[in-house]
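Assemble the complex: chain A is given as a structure, and chain B must be docked to it using the hints.
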Amino acid sequence: MAGSLYSSTRTFCYLASCCLILSLGTPFVVFAQDDNAEYQLKLAFLYNFAQFVQWPSDAFPDAGAPLTICIVGPDPFNSEGEQDLRSRKIGNHPIDIKTIKSDQDPRACQLVFVRASKTRVADEVLHALKGSSTLTVGETKGFAELGGLINLTVDNSKLRFEINLDAAMQTRLKISAKLLALAKIVKVERTP
Amino acid sequence: MAYEHKFGSDWGFMGRLYYDNYHYDGFYPYVPASSESVTVLNRDVSDGQWWGAEFALSKQLVHNQTLIVGAEYRDNFRQHQMNYDKQPYFPYFNSEPSSNLWAVYAQDEIRLRRSLTLNLGLRHDQYSTFGGTTSPRAALIYRPLENTTLKLLYGQSFRAPNAYELYYASYGQEANPQLRPETVKTTELVLEQYFRRDLRLLISGYYYPIRNLISQETDPANGSIVYMNREQVQMRGVEISLKKQSRAGLEAGASFSFQRSIEAGSSRAGLSNSPHVLGQGTLSIPLLQKKLFASMALGYVSRRLTATGNYAGAYASPDITLFSQVLRNWEVSASLYDAFNQRYGDPGSVGDPEDLIIQDGRTFRLKFVYHF
Chain A
8 MAGSLYSSTR TFCYLASCCL ILSLGTPFVV FAQDDNAEYQ LKLAFLYNFA QFVQWPSDAF
68 PDAGAPLTIC IVGPDPFNSE GEQDLRSRKI GNHPIDIKTI KSDQDPRACQ LVFVRASKTR
128 VADEVLHALK GSSTLTVGET KGFAELGGLI NLTVDNSKLR FEINLDAAMQ TRLKISAKLL
188 ALAKIVKVER TP
Chain B
35 MAYEHKFGSD WGFMGRLYYD NYHYDGFYPY VPASSESVTV LNRDVSDGQW WGAEFALSKQ
95 LVHNQTLIVG AEYRDNFRQH QMNYDKQPYF PYFNSEPSSN LWAVYAQDEI RLRRSLTLNL
155 GLRHDQYSTF GGTTSPRAAL IYRPLENTTL KLLYGQSFRA PNAYELYYAS YGQEANPQLR
215 PETVKTTELV LEQYFRRDLR LLISGYYYPI RNLISQETDP ANGSIVYMNR EQVQMRGVEI
275 SLKKQSRAGL EAGASFSFQR SIEAGSSRAG LSNSPHVLGQ GTLSIPLLQK KLFASMALGY
335 VSRRLTATGN YAGAYASPDI TLFSQVLRNW EVSASLYDAF NQRYGDPGSV GDPEDLIIQD
395 GRTFRLKFVY HF
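For the protein sequence lines, the chains are A and B, in the order given.
Residue numbers for the first sequence follow my numbering, beginning at 8 and rising by one.
Residue numbers for the second sequence follow my numbering, beginning at 35 and rising by one.
For the record, the hints were derived by calculation from the structure and aren't laboratory data.
Just so we're clear, the structure is a prediction, and the values are computed from it rather than from any experiment.
Hints are not guaranteed to be accurate.
To be verified - Only pairs whose alpha carbons sit at most 25 Å apart, straight line, appear in this in silico BS3-like list of lysine-lysine:
(1) A/181 x A/105
(2) A/181 x A/191
(3) A/181 x B/120
(4) B/185 x A/191
(5) A/137 x A/125
(6) A/125 x A/96
Here chain A stands alone, though its shape is the one from the complex:
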């Protein structure tokens, strides 16, 4: 009788988890055409990115310091979702979310989310972060080509993401192969 209630074996769970996460990157993630639903999903993606990227230990002032997600531009996320993330941890690091202005120094942030805006703002932020261990996430066409690490794209109401692997190699961030597997890899032709 109880067998049917606790039937999931370890292998089942393993397979199930792969499928669920695959669904985050690929066509299953479809959202309604409204900003609220779109940004709820984008916040979930930011949380997943933070889980499957590893920062070098010196990217934090100490082992229990918060992992700070900084939003450049107006905050699009609902406060309920943000409050939920603040109650969670990535490893030993509690999550903090705040907004910063484009002229503020973003180097104290572990993850910077650049709102859809003119590429000039993205360029400024990416320039300020050169050589740092900050994960940059954008939502503007061409953000990855500009040197951003991850760019969220919306294709037919489906949320996907692209990763600039060359830019990632220049940081000391480690990205899980499982995350890479779901991304579209962006290559940038370098001028000699």
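Frame of chain A; chain B shown alone:
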């Protein structure tokens, strides 16, 4: 290591000391779609070690009362689980907690009258992870006639969350160290009736409300699987079984159970993979002076709801086994499962790629057991 001793005519003592371990090591290769030529090896490890001790003391009291008191201790000193990609290296999680628990219990068997016995029990469990739980238990056993026994049973019990549910966190799965035990209050009425000495009829009805059932949920914050104390489930059912055992070694039995499980406050038709009717018929015939037996079993399972709301069809599956103890110290058996090769399907779990998992069909098994 166990020790048992009787002191005089009315004292008994049982003690046990044990050590146990479990190790699991799995390698799961996968190909990241973006770089087809590379295979990434993902390693999944769990490693558990524990020791424990228990003792029980029984005393025959006057007025036909037997009192048993006991205590138990268990130290799960190693509960290691981890998951990582080997190359390129990426650690998903590494958890090395330890935990312990102790329990004390007392049980009193009181013969109220010649035909009426009352069993009372109380047990307290203290877990280092989630705290204490006290579980009472009572049974009233009435034997109005030589061949008739009526039992009314009530009990509270719980299942503690295991290390996998509490701490496992990998790609797409999260830990929940806040999990609490799931609890059940069981009420059961049993009638046991013998017709002659070798034919037994058993009828029982039960009602089991389960609270805080540990179930797999999806975390809305990131789509990962997480175990939570979510569902309240009510199970009720009736079981009927008839068993005959002849002196020559022939055994025949038939049983039916009808059960219904519903999730409180849910509009769903019932729980997935939970059949309403189960039937079982068995027959075992001695062939060679109780050394060689042929046994047949016919199992029936009614249709079951799948995770997506479809139904897995009902099936009846016969199994045949030949069992022999002809050689000294050896047990040899040959079995044929799903003899008619029906290839029925069972429902998959939430998130599985298959809603219905087709089983292997006709299967053979040869088994040899050697006793030292």
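Checklist line | Straight-line alpha-carbon gap residue 181 of chain A to residue 191 of chain A, limit 25 Å | finding: holds (17 Å)
Next item on the list: With a cut-off of 25 Å on the C-alpha distance, tell me whether residue 137 of chain A and residue 125 of chain A pass.
Entry: holds (19 Å)
Check: Can the restraint linking residue 185 of chain B and residue 191 of chain A be considered satisfied, given a maximum Cα separation of 25 Å?
Finding: Violated, at roughly 66 Å.
Notebook entry, point to check: Can the restraint linking residue 181 of chain A and residue 120 of chain B be considered satisfied, given a maximum Cα separation of 25 Å?
Noted result: Holds, at roughly 13 Å.
Check: Within a Cα-Cα threshold of 25 Å, do residue 181 of chain A and residue 105 of chain A meet the stated pairing?
Finding: holds (24 Å)
Notebook entry, point to check: Given the proposed pairing of residue 125 of chain A with residue 96 of chain A, does the C-alpha separation stay at or below 25 Å?
Noted result: violated (32 Å)
Comparing the model with each earlier hint shows violations of hints 4 and 6; every other hint is respected.
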